[in-house]
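K.L.:
Protein chains in written order, with our numbering: chain A, 1 to 477; chain B, 478 to 750.
Keep in mind that the hints were calculated from the coordinates and are not lab data.
Nothing here was measured: the structure is a model prediction, and the numbers come from that model.
Possibly wrong hints are sitting among the right ones.
[What the hints assert, rightly or not] Straight-line distance between alpha carbons at most 16 Å, and here's what the computed EDC-like set of lysine to aspartate or glutamate pairs gives:
(1) A:464 <-> B:663
(2) A:35 <-> B:663
(3) A:308 <-> A:58
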Amino acid sequence: MESTADRFVDNAHRALADETLQQAMGHVRVNFIEKRRLAVEALPEFEALRQAGRNMRDRVLADLDKHLLAFEAKVLEQGGQVHWCVDAEAARNKILEICREAGARRVTKGKTMIGEEIGINEFLAAHDIEPVETDLGEYIIQLRHEAPSHLVAPAVHVTQKQVEETFRQVHRDLDAKRDLSEPRSLLSEARTKLRQKFVTADVGITGANFLVAETGSSVIVTNEGNGDLTQTLPRVHIALASIDKVVPTLDDLTVLLRLLARSATGQEMSVYTTLSTGPRREEDHDGPGAYHVILLDNGRSKMLGTPKQDLLRCIRCAACLNHCPVYQAVGGHAYGWVYAGPIGAALTPALIGLDHAADLPNASTLCGRCEAVCPMQIPLPDILRYWREEEFKNGAAKPGRASQSIRRGLRLWAFLARHPRLYRFATGIGRRILAGRAGRAGRLDKVPLAEGWTVNRDLPAPSKRGFHALYRKEYRG
Amino acid sequence: MSETAIKNTASGPLASETPRDVALFVTCLVDFFRPNVGFAAIKLLERAGCRVSVPAAQTCCGQPGYNSGDAASAAAIARRVIEVFEKYDYVVVPSGSCAGMISHHYPKLLGEDKRYAERARKLAAKTFELTQFLVDICGLTTLDVSLDRKVTFHDSCSSLREMRVKAQPRTLLGQVADLNFRELPDGESCCGFGGTFCVKYPEISDRMVTEKLANIEKSGADLLLAGDLGCLLNMAGKLKREGSKVESRHIAEVLAGLLEEPAIGEAASREER
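Next comes chain B alone, as it looks inside the complex (with noise of 0.2 Å):
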């Protein structure tokens, strides 16, 4: 690994001497497939300043429930959730989807539920997509890393839409040495993964996702970039599947210059493992 070193540059209002107290919600598909996003998110925050804290007792946001109508089930787990995130400064997530879970719809979930209304309101507020918190919060501008790759990037539908992430991601790419970043065309449609959607309705999915192949072959990049792990194994599992050479990894890994593993989807390199 190359040393990076990342500075904190923040000045002004967002400045702050105390490190800043934030957990680190790894969320269920990192913890899964690809823990080396996790190690990144930590790598970033600790160089923006944070005190990361990962709770042991965490595991999955809800949303597998939540979007498949099971809203009691959801409900149980928000509160989880909130029991467990609550006493830190800040929640970040290296997910949009997750993050939109916790900040946009557990006040909606737990609304008429006395005892965790407020509480889920409360860590609404302070949850955050790891970009957006790496930029808006932490003040982070300049990163030490480089890479020499034509790098495009895909919004999560939950990053764009419900967390309002667009600018950051770009921000922080923009500061990778060497990079040469290509906007994706049609760049705002979702790539189908959609959860159980992709798997319930199969056809339809991969027609999304095909769209999104031809898009990012448009752009002429070679490594696909994402803030969601999601939309990432969606993506990076039909670009294998159809032999192409673009390589896809979670946006934290690039900007943390953590980039050891193998791209997702790709096979392990004869002198590794």
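Next up, chain A with everything else stripped away, as it sits in the complex (with noise of 0.2 Å):
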């Protein structure tokens, strides 16, 4: 995918000024925040849960590739095969591989960021093979020719009025006449369109929320029932995962989902989790003749063994993004790249380079919120932090115009900070200043060189005498 992490206070701005986009956002918070609240306080031992998911997690992210190849293993007992990718492009020469084989012309997918990630959709159409997205949000956003803007809801940013319009834009045999004013009937409209869909498509791609070593299976959850129409319908089933996703058993894998559910959506357990073991069986009723597992690494084996290791525990619930004040600001999008929120400001740079996103760590107050819901309880903020040393370091990129200027401040503040009598002169003037403008307004609305600061708010003015001076005044006479 195409990132435009590199112009985020321009993707920030128009996301602030689309009024549309407000109105969407606005049931983030709604949405979202209660539910998980509620879900994870009527679970008593949610904490002990996250306790033990994080462990594993991390036991597993140290050793990864025995798992890896414990799975990789299973699947071929299985009669299923496995692909070692280490870059996008690998991945998706793959993908068009498997289908030229099976001489595929319709592809339908389930939900899929590694399938955002490398950019499969553009890539199948571009060789002729039709790419239809059959998770709800997915399709509307396909319509709209829009990237997600959210792990679990990718189509928040879309109001129920747009997606009438989509349709009915897009959907030419639609009558005119027919109420498509709730969200019931937009989804059966969307469902009888996708049925033709599901049984016409010669190769169904899913994602895959986690792989299981001890089975050789790929899981998905959803809410729709898509993604299982999409991995058991068509001939061919390709589950495409990141490296990360391996758990050894499947007592590991109740762990994450009855956290995963509770920290996306507030459920106790989404609608369907289904794993795909291999291809069909002569027993079995159904299933696809071939499966497939597409992993991909695309930078993730390099942050092993780094302060970013902890991003690979994510199990991407997006409640990091739910509950990021950013986030909610300026939506997905804005973003620039696949993954948004703390964890796409954190994973980005490690994926596309610090260079072409270097914003995305400064945008944060670093208030905790994300690091204190997250159910893999990733130090994000530090993460965030970190990235910025990194910054800071290289003298890379520039966030915003005065890059240098404020590295210059800094370096002279902390030689202040460590000089008191100096410290306190330099402050002293500066206050003086401040106050003096100020007279008996109490507060400026206008400080040179601090317009960030007053372009929206005013500043209180300072004190005329400060505290330290005050102090011995008072205490020592």
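Since each chain comes alone in its own frame, lean on the hints to assemble the complex.
P.N.:
Rendered as structure tokens:
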């Protein structure tokens, strides 16, 4: 997927001015935060589960090669195939090869973020294979030629009215008089269209929430059942997974499943949790004739053994997005690439390079709410800070016009902070100037060099005399 | 100023016969913008039976550099802070974010520093946010102050999530006679300050503080309190820009009954100054 992460500030500016988007984003807070809170409250062992899940993921990452090889062996044993793909290009080519071998002209797709990461839809379309998204949200944004803006609710940035407009535009046979004002009627319209696609698809591509080494299964969780139709009806099933998705056993899987739905949507379980294990066996009533797993690295193995490794624990529940005030304000597209919100701000620089995403780790107040709700206890603020340190060390990209003066300012501040007399002298000058300008007003509405502050708010005036001077006078006479 | 008396009602393991030797970490924002907060903190600590020192060599905790990627400068400042403060029994800070910097981040920042790692951990363990210290360590539960206002309280992110302070300010505000407390809706959301964030990304910051103002409005309060001056400067600055009547103060000013200063960002009244 093409990135615009290097234009975050412009993206954010447009998003903040987009009233329809702002209206749509209002639902994030209402829908997700409260539901998660209630689900977590209702499960006394949630914290213990969280700790267990985190520990298990850490154990897996410490021996990732071993678990992946075990998974592969089990898949092969059952007649499936595993394809190790070092980057997006390798994955795209392998998928195309499989599709061509199957003589595929139409591919149905379940929700897959890896599919977004490698830009599979555009690639297949360019090779005369029609990709059809079957998750309702994904279907909507495919019709609108947009990327998902949320890990769990890809079309969260679209209002219901916009969905109706899009359907009326694209579904040419749609009766103009038909009432589409209810979500249910939109759903049924999408379903009618998708049913035809499901039965005529040659290949089904899904993501994988997890891979189970013990059984060689790929696991998807959905609420619409579209994923099941995608992976069972076509002749060939391709599951796309990054290498961090593997868990050792079914018991380990259940720990993550219990955390995932609660953290994502406040459900105890998703409506469908489906394990795909190999191609159709003789005694099976249905299922694909061939089963492939694409194992994508795309920069992840390089994160192992670095402070970024913790990001590989992520189970893509999107709780960090839902609770992030920056995500709530600007939406997912402003982040400019596949992954939005705090996880996106931390992961994107690792996958596409800090130079191409330098604003993302900076555009955070480090408020810590993401880490507080992360079921995998990923220290997201620490990782954002790590990127800031990398950027500072490399003098890399330039978030904001004033980056060099900010650097000089920080150095000067650090020097003064270690020299208390100079510090008091220097801050004293600034304080007196500002206090003088403010006079009796108690605040300033313009401060040179601090327009970033005063453009939207006043600056309360500083005290005429600093605390330390007053204190020496009062307590020491 | 009304005469206030604050009793130390601690008993059992919290009670202490010898006064606690407390160093006040004033913070640069209190020094620069609002000395009254420092004096309020001293007053509260003394009434809670502490012997309060204000080390003269203190400046900043190093957060600006730390959060902007300049870890080396932040570490240099952290080592200075340790040298200045480690000899006291406790370090108390009228700010969740500066307290969080010392108690949460110093041990990470200096974890590899042979001479300072252990000292950073020790300082971290005895550093507290002001209301946390007053309630959890001093057992201060009654205050003889009153304030007839509708009050709401903003939990700063670092106070809430790094220092795990939530009940303590509410416990203390519950002891202020006549005070009508209103919880802030969506109270765990950031106000949009974020240090340099608010000047680097003014548009996003503005959206966040605008949301916060809407919730302050919903609370029905006419006085906004918080334990962090950074958040307060941001919210008060926005409240005043929008012409709101809601006033803003640091919680210590109310708890200590030191309310002679105009509220944050308010004009001085004619008789004074």
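K.L.:
Taking the hints in turn, state whether each one holds.
P.N.:
Hint check results:
| no. | hint | verdict |
| --- | --- | --- |
| 1 | A:464 <-> B:663 | violated (36 Å) |
| 2 | A:35 <-> B:663 | holds (14 Å) |
| 3 | A:308 <-> A:58 | holds (12 Å) |
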